[in-house]
Amino acid sequence: MGKPFNVDVVTPEAVIWQGEADFVAARTTEGEIGILADHEPTMGALSAGAVVVNATDGSTITVGVNGGFLQVFHNQVTLLTDRAELTEGGKEEALRLAEQLGSEEDNGGAE
Amino acid sequence: MASAELRQIRRRIRSVQSTMKITRAMELIATSRIAKAQLRVAEAKPYTAKMTDVIRNIAAAGGLSHPLLESRDMRTPGVMVVTSDRGLAGGYNSNVMRLAERVLNDHRAAGFRPRLFVIGAKAQSYFSYRGYEIEEAFLGVTDTPTYGDARAIANVLLDDYEQEKMDTVEVYTTRFVSALTQTPVLWPLLPIEPPEASAETEIAGYTFEPGPEEILGRLLPRYLEGTIFGILLEASASEHAARRRAMKAATENAEELTRALTREANAARQAEITTEISEIVGGAEALSGG
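So the protein lines, in turn, are chains A and B.
Mapping of the first sequence onto the numbering used here: residues 1 to 111, in sequence order.
Mapping of the second sequence onto the numbering used here: residues 1001 to 1290, in sequence order.
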């Protein structure tokens, strides 16, 4: 167990997850990024896919995101995304959800 | 005949009371929806706040240059008016429409041909009746706005802005100050006003993945969507609050009217009885006298 830090998953509708974690794995447009405590200040654009958060209570939260942004600053990680879906079904489920979010958008997510 | 008058008053009482049932129901519905709308406004705040934060950080990293941030020479102003689809909300719609109309007239007087966008059926009928040309009307949005609605609106505005069909976009909408106060305001939307960098961000020295320019390019359209979403949510909360107040006043008026009419009905009934008695007495006297 590493040193914990705060994670917020924020969408326009609500803050969908907030808590302490010791590891976050995400994928930016440049490639995979893993975040531990005391990570340097970083700003990234997320590509559609899964973000894995290892919470300090032992659970693993996987978030399917449809693009968005990642900000790391003084042990505060913020995920900003316009559409996200939480799942406990692991990474595969999250990827499926992310894909689903993406396709909803293509066929009239904007109505 | 007196009884006809009495019948008429009773009919009016019934009609006022059935209207009162409707206004009271609308008042209750609006009341229950204000709280929910207010909650949504609060829940949307962190997102836009964080976005502003990110833009601020990019500004601190040295580069804030993007077409959406630069003001150009104004040839065509864009104006968007946010109203509701349904009325019975007191001055809610007319306040914001009057504000917008004044500005539209100013633009015209200055020789511009403003592009007008409207949200809500009220603004659509108001402005088309007065002969304004409406570029696009978004209907069925303001009751419970979704992020998809905000995105659709943002896309239309962005397209026109990027093709230089218009050089600014101003939104006329209603701010939810409190449950009792909602004020019509002007909200400059485009070009995006870059937030000021704070001292804290400059020290941080961020790593950008990809570069700051590219993040900014992806971020600004999302930021615009988020801002419009916030505007819609606040307008929706204002609408419900204005409707609640209007319906409360209407219910109170109906109550008062019922009281006044009941009094009138009683007086009419009394008069009728008095007439009847005097007729009987008069008749009896005539009989005994004869």
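Source of the hints: derived by calculation from the structure; they are not laboratory data.
Note that the structure is a prediction, hence the values are computed from the model and not measured.
Check each hint, because a few of them may be wrong.
[To be verified] Listed below are several chain B residues computed to face chain A (Cβ distance under 7 Å; list not exhaustive):
id: 1; residue: 1044
id: 2; residue: 1046
id: 3; residue: 1147
id: 4; residue: 1229
[As the list claims (entries may be wrong)] Sample of chain B residues lacking proximity to chain A, with all beta carbon distances greater than 10 Å (derived):
id: 5; residue: 1057
id: 6; residue: 1133
id: 7; residue: 1151
[What the hints assert, rightly or not] Label pairs and their calculated CB-CB ranges:
id: 8; chain 1: B; residue 1: 1071; chain 2: A; residue 2: 100; range: 34 to 42 Å
id: 9; chain 1: A; residue 1: 25; chain 2: B; residue 2: 1163; range: 39 to 47 Å
id: 10; chain 1: A; residue 1: 32; chain 2: B; residue 2: 1177; range: 31 to 39 Å
Cβ coordinates follow ideal geometry from the N, Cα and C atoms, glycine included.
Right, here's what the structure says about each hint:
no.	hint	in the structure
1	1044	5 Å, holds
2	1046	5 Å, holds
3	1147	5 Å, holds
4	1229	5 Å, holds
5	1057	6 Å, violated
6	1133	24 Å, holds
7	1151	5 Å, violated
8	1071(B) with 100(A): 34 to 42 Å	40 Å, holds
9	25(A) with 1163(B): 39 to 47 Å	40 Å, holds
10	32(A) with 1177(B): 31 to 39 Å	46 Å, violated
The structure shown violates the earlier hints numbered 5, 7, 10.
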